Amino acid sequence: MGKKEKVRVQICVGTACFVQGGADLLLYNEFLDPAVLGGCEIEGVSCLGGCKEAEAKDRPPYVRIGEKVYGNVNQEMLCRLLAEATRA
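Counting along the sequence shown from 1, when you hit position 63 you're at 63 in my numbering, and nothing is skipped either side.
Calculated directly from the structure, the hints in this document are not laboratory data. From a predicted model like this one, the values you see are computed outputs, not experimental measurements. There could be a bad hint or two in this list.
[As the list claims (entries may be wrong)] Okay, the calculated beta carbon distance ranges per label pair: (1) Lys4 to Glu43: 14 to 24 Å; (2) Lys4 to Arg59: 30 to 40 Å; (3) Val19 to Tyr70: 13 to 23 Å; (4) Glu43 to Gln20: 12 to 22 Å.
Beta carbons: idealized from backbone N, C-alpha and C, even for Gly.
Could you put together the complete structure from these sequences and hints?
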């Protein structure tokens, strides 16, 4: 059986995302379960473009997990999304 590929995660750290919670998401080492953290490849990116393309219900901070972009992400939501993504 082959090694499972890590889930690619991008946290937007553009100005709007950074000041609206993205900075807190960058502290993922402090709040993510180590087993979940080990299954992810996480990086900060300058912009995911969510502010330009988002529906009215979506707001910063934005996070891309795989190919899907999520808005309104907080630490609790990130934990849940990554737990689901690493189980899949």
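Legend entry - Hints the structure fails to honour: none
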